[in-house]
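Colleague: In order, the protein sequences belong to chains W and Z. Under my numbering, the first residue of the first sequence carries the number 996, and numbering increases by one thereafter. Under my numbering, the first residue of the second sequence carries the number 11, and numbering increases by one thereafter.
Since the hints were derived computationally from the structure, they do not count as laboratory data. Since the structure is predicted, the reported quantities are computational estimates derived from the model, not experimental observations. The beta-carbon is built from N, C-alpha and C at its ideal position, and this holds for glycine as well. Treat the hints with care, since some could be wrong.
What the hints assert, rightly or not - For lysine to aspartate or glutamate, the following EDC-like pairs were computed, each having C-alpha atoms within a straight-line distance of at most 16 Å: (1) Z:468 with Z:237; (2) W:1256 with W:1272; (3) Z:84 with Z:164; (4) W:1126 with W:1204; (5) Z:452 with Z:175; (6) W:1069 with Z:237; (7) W:1099 with Z:164; (8) Z:123 with Z:175; (9) W:1256 with W:1219; (10) Z:115 with Z:138; (11) Z:140 with W:1246; (12) Z:186 with W:1204.
Stated by the list, open to error - Partial pick of chain Z residues on the chain W-facing surface, computed with a CB cut under 10 Å: (13) 36; (14) 38; (15) 57; (16) 61; (17) 108; (18) 111; (19) 113; (20) 118; (21) 166; (22) 219; (23) 433; (24) 437.
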Amino acid sequence: MKHVKQNLKLYFLTFLFAINVVIFSALYYITAPGLTVAFLDVGQGDAILVTAPGGGQMLVDGGANNSVLRELGKAMPFYDRSIDVVLATHADQDHIGGLVEVLKRFKVDLFIRTNATSSSAVYGELENLIKEKNIKEEIISAPEILTLGGGVEFDILFPVQDTSGWETNEASIVGKLIYGKNSFLLTGDLPQKMEKFLVSRYGSFLTSDVLKAGHHGSKTASAELFVAVVSPAYSIISAGLDNKYGHPNQEVLDIFARFKKEVLQTLSLGTIIFHSDGQNLKIIYD
Amino acid sequence: MNNKFFYILVAGFTLGILFSSFLKLGFSFFLFLLILSVLVFIFGYFLAQRRSTIILLAIFILSLALGILRYEIKDIHLTDSLAPLVGQKIILTGIITDEPNIKDKSAQLTVIKETGEKVLIMAPLFPEFKYGDLIEVVGKLEKPDNFETDNGKDFDYIGFLAKEDIYYQISFAEVKIISSGHGSWLKEKMFNLKNAFIKKINFLIKEPESSLLNGLLLGAKNSLGVEWQDDFRTAGVSHIVALSGYNITIVAVGIMAILAFLPSAFSLSFGILGIIFFAVMTGGTATVIRAAIMALLVILARQTNRKYDITRALLLAGTFMLVQNPKILVFDLSFQLSFLATLALILVSPLVEKHLTFIPEKFHLRELAVATVATQIFVLPFLLYKMGLFSVYALFANILILPILPIVMFFGFFTGLVGFISTFLAWPLAFISTLLLSYMLKVIAFFADLPFSSLSIKNFPLVLSVLIYGIFLVIIWRIQKKDETR
């Protein structure tokens, strides 16, 4: 016991120092200006973490497996154990596989999905967990606007009707993230047929700085017309190394090349982080 | 005479198992050695000169034979009804007999059939499987294959599974849970407790720090992911997340250090209680119990200073473990590392300590440095043979990490414990744990990323490591003899 007493001062000082570190880092994160959009490197699959200037967070999809947890660990401050909104664009494994553990480990306020459900075991587990944890659910069957705080909004453009019984990819939630002059278009795995519908319904409103290329660069998405209308400065392809589907498809890469658009791939760059002050975009590679 | 007798018995038995593990010796070879030992004994008994030496030789041959016999009859109780079905798509019903091994992309299940045969199943992550579930598996039955590790070292996967009586596997299986709760009541409760604890940790601490902590406390390392596991190997610290006698020893020593102000009998009792509690927490599997027994021996050695008795006790314990399952000698890394590390802590630590007197004793700093250096040196020849990888900076990485290991385990453990009472109260503890764990990960990543951090030595022969250990033992023996005569 004696040596404990002797070192009491030291322990106390260490404790105070530790508290200081927390407070200052918390202040830094809360007051950090601007919008951050991180396309997390989760291998073959999508996971996008959006952090609004006020600290509001939204996770769009969770990748195929638990690797999303490590990426979230890197992208979020360590004391932050909550995510305001989790959105599952559609019910496929490579978009919701990691969400089960996310819901277990983080406090989540709102879960957004469509009615195009799946009979898979993962989806069942996810539904159980949402019920068990009493997480508020919102089912998208019409366009709506979600505000994330700090002047950031997420315009959900699709689906525009109830999608019960639809093929899951075709019912992907499509949203445009807008902060000042910067915008990001997230399309899940939406196929070309539905891209055409988006073009006819929204026209030039689709134009964005960053496009997350649909379906991991598969040729089922990213039709020439759609890419032309969105006209992104950057396109993100979120695919894994040596994936069994051969994503991204060369034809799709050719389309982006024709428009002289910069294509960034998580499989070669790892996690890709965009930072926006409402005027300009800055890219940080992790 | 008594001493010699014991050592020869242990050495012969162990060598018998060692030979059997690599060569197919068969039952007839046992008979041959048995008869040989009898002949030698008779010959020695009637030979007046050097009688005792010849009799010892007979005992050695006999124990060799017994080692071979034990290995040969290991699987005699197993039925084998699955052999004709290999290569076919089968439907199998059975009970999950061990904790599912959850990896990034799949869950590994050990399933036991009614016939007592075990099959390893690679199942999807969902639905969530647990110990004691009755499941129906559909898939192609295969025999496991040996493979080459990333370092180009052949890995005896067949032997690795055989030590758990697993001879078949089904990859890419479709699995359905029929019902739950078919395991032993006690084990189920213990796993539930452990999983509730892991859940709390995961909720309070971010990845990958939480995975590291779960690995340190409970030996659950797979959730670290392949990249981190590679980094751990390269930096030469993967032993900290493998459940071994070393971690358990640290828990006990930590408890005893905190309670050092009490009479030594009390602190020792609490240390022992700590080890038992830890073994229960981690699921009480054979691996854990083996590690716990060795940890008990280490703290007894520290407390009593009776090095020779403890060394003999360790050999005896090791031999009993081999009697119980002879396949662990060659195929169980945890047993091998636990045993070597324990031996190092008992025999090598006192020798190393003399050369590290410049390290201050404050906060048990010297003690930990001594333990680190001793175990690192002693385990190295074995690791070179086993892993085919020489981690150049292992000593530095370990010295930077191991001293804070007891502190991390202490805070981590209480983070989980207090988490059961209140998330709010556990938060400051979680914060301290996270800082310490991040520091460990930073050190590991730093050393793993340095140039030439590991050298691949593909064919480090077993004979060479055995030779080095022989030299080690001679050196230890001579130094001790010198000290005694002084």
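Colleague: If a hint holds in the structure, say so; if it doesn't, say that too.
Modeller: Hints, one by one, checked against the model:
Our distance criterion of 16 Å between C-alpha atoms is broken by residue 468 (chain Z) and residue 237 (chain Z), whose separation comes to about 21 Å. At most 16 Å may separate the alpha-carbon atoms for a hinted pair to count; residue 1256 (chain W) and residue 1272 (chain W) exceed this at roughly 22 Å. Pair hint residue 84 (chain Z) plus residue 164 (chain Z) does not hold up; C-alpha atoms about 24 Å apart against a cutoff of 16 Å. Only pairs whose Cα atoms come within 16 Å are accepted, and residue 1126 (chain W) paired with residue 1204 (chain W) is rejected, the gap being roughly 37 Å.
Annotation: proposed proximity of residue 452 (chain Z) to residue 175 (chain Z) is violated, straight-line Cα distance about 39 Å (limit 16 Å). Between residue 1069 (chain W) and residue 237 (chain Z), the direct Cα distance comes to roughly 14 Å. Compliance with the 16 Å bound is thereby established for this hinted pair. Proximity of residue 1099 (chain W) to residue 164 (chain Z) is assessed by CA-CA distance (about 39 Å); at most 16 Å being required, the pair is judged violated. Under the criterion of a C-alpha separation no larger than 16 Å, the hint pairing residue 123 (chain Z) with residue 175 (chain Z) is consistent with the structure, at around 12 Å.
Restraint check for residue 1256 (chain W) and residue 1219 (chain W): the C-alpha separation of about 12 Å stays at or below 16 Å, so the hint holds. Under the criterion of a C-alpha separation no larger than 16 Å, the hint pairing residue 115 (chain Z) with residue 138 (chain Z) is consistent with the structure, at around 13 Å. Between residue 140 (chain Z) and residue 1246 (chain W) the alpha-carbon distance is near 45 Å, which puts this suggested pair outside the 16 Å criterion. At roughly 46 Å between alpha-carbon atoms, residue 186 (chain Z) and residue 1204 (chain W) are farther apart than 16 Å, so this suggested pair is violated.
Hint status for residue 36 (chain Z): violated, given a least beta-carbon distance of 45 Å to chain W, over 10 Å. With its C-beta approaching chain W no nearer than about 50 Å, residue 38 (chain Z) sits outside the 10 Å limit, and its interface hint is violated. Against a cut-off of 10 Å between C-beta atoms, the interface hint on residue 57 (chain Z) is violated, since the closest Cβ of chain W lies about 64 Å away. Interface restraint check: residue 61 (chain Z) against chain W, minimum CB-CB distance 59 Å, threshold 10 Å, status violated.
A hinted interface residue such as residue 108 (chain Z) counts as satisfied when its beta carbon comes closer than 10 Å to some beta carbon of chain W; here the least separation is about 20 Å, so the hint is violated. At a threshold of 10 Å, the smallest CB-CB gap from residue 111 (chain Z) to chain W is about 14 Å, leaving the interface hint violated. Proximity of residue 113 (chain Z) to chain W holds as hinted, the smallest CB-CB distance being about 9 Å (cut-off 10 Å). At a threshold of 10 Å, the smallest CB-CB gap from residue 118 (chain Z) to chain W is about 14 Å, leaving the interface hint violated.
Taking 10 Å as the C-beta contact cut-off toward chain W, the hint placing residue 166 (chain Z) at the interface is violated, the least distance being around 27 Å. For residue 219 (chain Z), the interface hint holds, since its Cβ comes within 10 Å of a Cβ in chain W; the closest pair sits about 7 Å apart. A least Cβ separation of about 9 Å between residue 433 (chain Z) and chain W falls short of the 10 Å threshold, and the interface hint therefore holds. The interface hint given for residue 437 (chain Z) is met, as the beta carbon of that residue sits about 8 Å from the closest beta carbon of chain W, less than 10 Å.
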